[in-house]
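Input sequences plus hints: build the corresponding full structure.
Chains Z and L, in that order, give the protein sequences. Take 1 as the starting number for the first sequence in the UniProt record's numbering and just add one per residue. Take 1 as the starting number for the second sequence in the UniProt record's numbering and just add one per residue.
In case anyone wonders, no lab produced these hints; they're calculated from the structure. Cβ coordinates follow ideal geometry from the N, Cα and C atoms, glycine included. Heads up, a few of these hints could be off.
[Unchecked claim] Distance windows between CB atoms, simulated:
no. : chain 1 : residue 1 : chain 2 : residue 2 : range
1   : L       : E208      : Z       : A390      : 34 to 40 angstroms
2   : L       : E208      : Z       : W16       : 48 to 54 angstroms
3   : L       : R160      : Z       : G22       : 47 to 53 angstroms
4   : Z       : A390      : L       : E21       : 41 to 47 angstroms
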Amino acid sequence: MAMSKQRGFPRGEGPWPWLTAGSVAISLLMLGALLLLLAVRGLGHFWPAPVTLVELQDGSRFAGMAVKEAPLPGGGGEERLYHTANRDLEGSPWTWVEVATIEAERHPDDLVVLERQRWGAFHGRLMALRGGDDGVEGQRKVGREDALVEGEAAWQSLVARLAELEALRNELARLRDDTILPLASRLADGENATLAAELARAEARLRELQMTMESGEVLLESVDGTRLWQPIEGIVRAQRPNAMSVPDKLAAWGQGVWRFLAEGPRAANSAGGVWPAIFGTVLMVLLMSVLVAPFGVLAAIYLNEVAHQGRMTRLVRIAVRNLAGVPSIVYGVFGLGVFVYGIGGSLDEWFFADTLPSPTFGTGGLLWASLTLALLTLPVVIVATEEGLARIPDHQREGALALGATRLEMLTRVVLPMATPAMLTGMILAVARAAGEVAPLMLVGVAKLAPQVPVDGNFPFLHLERKFMHLGYHIYDTAFHGSDVQAALPLAYATALLLVLVILGLNLTAIFLRHHLRSRHGRLPRH
Amino acid sequence: MSDLMPPAMAPSGTILAFKREASCLEIEGLCLAYGDKTALRDVTLRVPRHRVTAFIGPSGCGKSTLLRALNRLHDLNEDVVRQGRIRLEGSDIHGPEMDVAQLRRRVGMVFQAPNPFPMSIYDNVAFGLRLQGGLRKRQLDDAVEEALTAAALWEEVKDRLRASAWTLSGGQQQRLVIARTLAVGPEVLLLDEPASALDPISTLKIEELIRNLKASLTLVLVTHNMQQAARVSDYTAFLQQGELVEYGPTDSLFTNPRLARTENYITGRMA
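Listed below in C-alpha cells is the structure:
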C-alpha cells in the first residue's frame, strides 16, 4: 500500500499538487529566462569581442565581428552578418556576406577598435599619431605638430593620450561646475572687480584646457587600405581586442559597464550610457512616493476609521478599487490636461509671465510626471493601507481608548504604528507599478534627451519644472527610434535589465524597511 | 460547604452587610440597544466600593454590554441607543461636566484577549501616563515600577523592560495590561473575562491579583466561569436576555438562589 502510494499521486489528492507545483515551476522558469536573456544580450555587449579579418574570394577584405547567421533567401547556404563599423568610409556599419564566398578568416593582433564620438566605431589599423606626448605643460602645443609617432609606439602614446584626455575632461567639468558657474551667478548679483578678474582667469584656463584637448590626431587605415585622420579628442575608447588577455577583457568589460551606468547617452541614444535616465527614474519614483504616501494613508484612515460604514463609504471604496484598473494612458491624458495645461499654465501666467510664451511649468516636467504617477498609484496605496488597518483587532483600539486616549491619540500612537508595514506594502506595490510606467510619462514630461539631471548646485537645487529622462522611455527610444537600431539593440537590453534592477532595488529598500519595523515587535498576535 | 452551614443564617448575615455597603457605581434603569436589537432592559444595580462584583450569565445575556457601558466604550458605536443613568461616586457619567477621557482613566478596563500595544513593556505601562503628560523621566520610572509591582509582574520583567510586550506569555501579557491600566490610577477596574484566554496557572495568578487589588480598587468582573465568580467575587449579578435576574452576595446567590432561573443556570440546567 505504502509502495503504491509513493509511485502514483498521493491518495485523495489526485494531480493537483503536481499541477500547482508545475505552474510555479513554469512561472519561475519564464522569469529566469527573461532575466537571463536580458543579462546575456545586454551585458554581453560590453565584452570586447574578437575582430575577424575576413578575406573574400573576390579579393575584397573587411574587419568586423560576426553578429548572426541566416539562411540565404533562395536557399543553398548561409549568409553571415558582420559589424564592420567605419560608417564614414563605407556608408553602412553592417555587412552581409555569403559564408561560401569567404576565403580566409584571421585575427591579427594589431587590429584596433575605436569608439568615437561621431560616426560610430572604427575597425582597422593605427598607422601613426601626430602631436605626441612630449612637451612640458604649457608648451604642449608647440612642437607637437611635428612629432609623428608610428607603429607600436603610436598605440602606446594613444592609450596614454586617452587617459590624459579623461583627466582633462574631468578637470574641465570641475572647473565649469565648481568655479565658473558659481562665479558667474555671483557676478550676476552684483559687479565686483576681484570676482570679474577671478572669472577671467578661470575662463582663460578653460580655453587652455580646451586647446590642449583639441590637439593631436591619429592616422587610421581600414583593412582595405583607405586612410583617414582622426582627431584624438573624438575617440572615446581604444581597444585591440585580439591582443587582449582575459583579465584585460574583464577589466575592459567592467569599465564598459561602469561607463554605461555613469555617463550620458551619445549619438542620439544609440551609444553611451544611461546615467541621466537612472537618475530621472529614481528621482521621479521617490517624488511620487513622497506625494502619494500622505494622500493615500489619510484617505485610507478616513475610509476605515472615521467615515460612517454605510452605503456611501462602500461605494467610494468600490470606486477607489476600480480606479486601479484604469489604463495608465488615461492618467497621462488627465495629467496633461489638468496638471500641465491647467495648473502649469496658470502658474506660468502668475509667476513666470516675463518668460512667456515659452513655458516654465506649462510644459511636461518632473513635478507633473510625479503627480500623475502619484494619482495612478493612489488606489494601490489606499487599498493596501485600508487592508492593514482592517487587520488591526478592535481590542487594540479599545485598549487605547480605555486608557483615556482620544481618537486622534489612539490613531497616531497605536493604530498607525501597527499599520505601517501594510502602508509600506502599499508603497512597494506603488513603486513597482510607477517605475515601469512609460505611456503616461510620454505626455507629461519625459524627454528623449535631457543630459542635465534635475538636481544641481544652483538654487533651488531640485528643478521640478525640468524635463527628465526615464529608463523605460529610453528603452523605447533606443530600440525603435535610433538611426541604427541594430547597434543600439544591446543597449536596449542592458537598459531593460537595469530598469528591472532599479525597481528591484527600490522594492528591496521598502521590503527591508518593512521587515525592520515588523521584527521590532514581532507579528500581530492572532487571537 | 453548604452542607455545613445553617441554611438561612449565613446568607441573611451577608445580605445585611450588602445592604450597608457604600456604593461606587450606581446603575439606574439602564436600557441599551444596538440599532433595533435590545441588549439591556431596565438594569438597576449598585456596585459596592472596594469589593469584587461579578456579572455572570449565558453568552449574549448583555453582561459585557453592561460592563462597557460603565466607561462609555459604546460611545464609538453610532448605532447604540441608551436610556437610564449611571453614576460614578455620585456624578452622572453622561453629564455635561464629565470628560470621557477622564472617565476612562477613572474607570479602567481589561479585555478578554490580552491586548498589549506593539511597544516595549515599559512603553505599554507608560502609555496612559504619557497621554496625560507632565511627568519627568524619574517619576515615570517610579510609576511604571509601582504599577508593575501592583500587577505582580515586576519581578518577572524588571530586567527586560525594553523588550517588546509581545514577547511575554499570555498570562504575563494580561497582567501587563492590568499594570498599564493601574498606572493611570483608576478607582474602578472593569475586567471582561480576563482569564478566558489563559491557561489554569495564569488564571490563578490573575484571580489572586484580583483579590489583592480590591483593597485599593472597586472591581467589576465579567465571567462565564461560575467557579471563578464564586472564587473571587463578593457579590454576583446574574443576567439573562438583557435583564438583571438576581443580584446579591456571592455565597447566598450560589448556595441559596432565590429564583429558579438562577438555580437552573448555576446548576447547569439551562432552559
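To see whether the hints hold, each was checked on the structure:
Between E208(L) and A390(Z) the beta carbons are some 38 angstroms apart, a value that agrees with the proposed interval 34 to 40 angstroms. The beta-carbon spacing between E208(L) and W16(Z), approximately 53 angstroms, falls within the hinted interval of 48 to 54 angstroms. A hinted range of 47 to 53 angstroms for the beta carbons of R160(L) and G22(Z) is consistent with their spacing of about 48 angstroms. Taking 41 to 47 angstroms as the suggested C-beta distance range, the pair A390(Z) and E21(L) conforms, at roughly 45 angstroms.
This entry satisfies every hint, going by the numbered hints stated previously.
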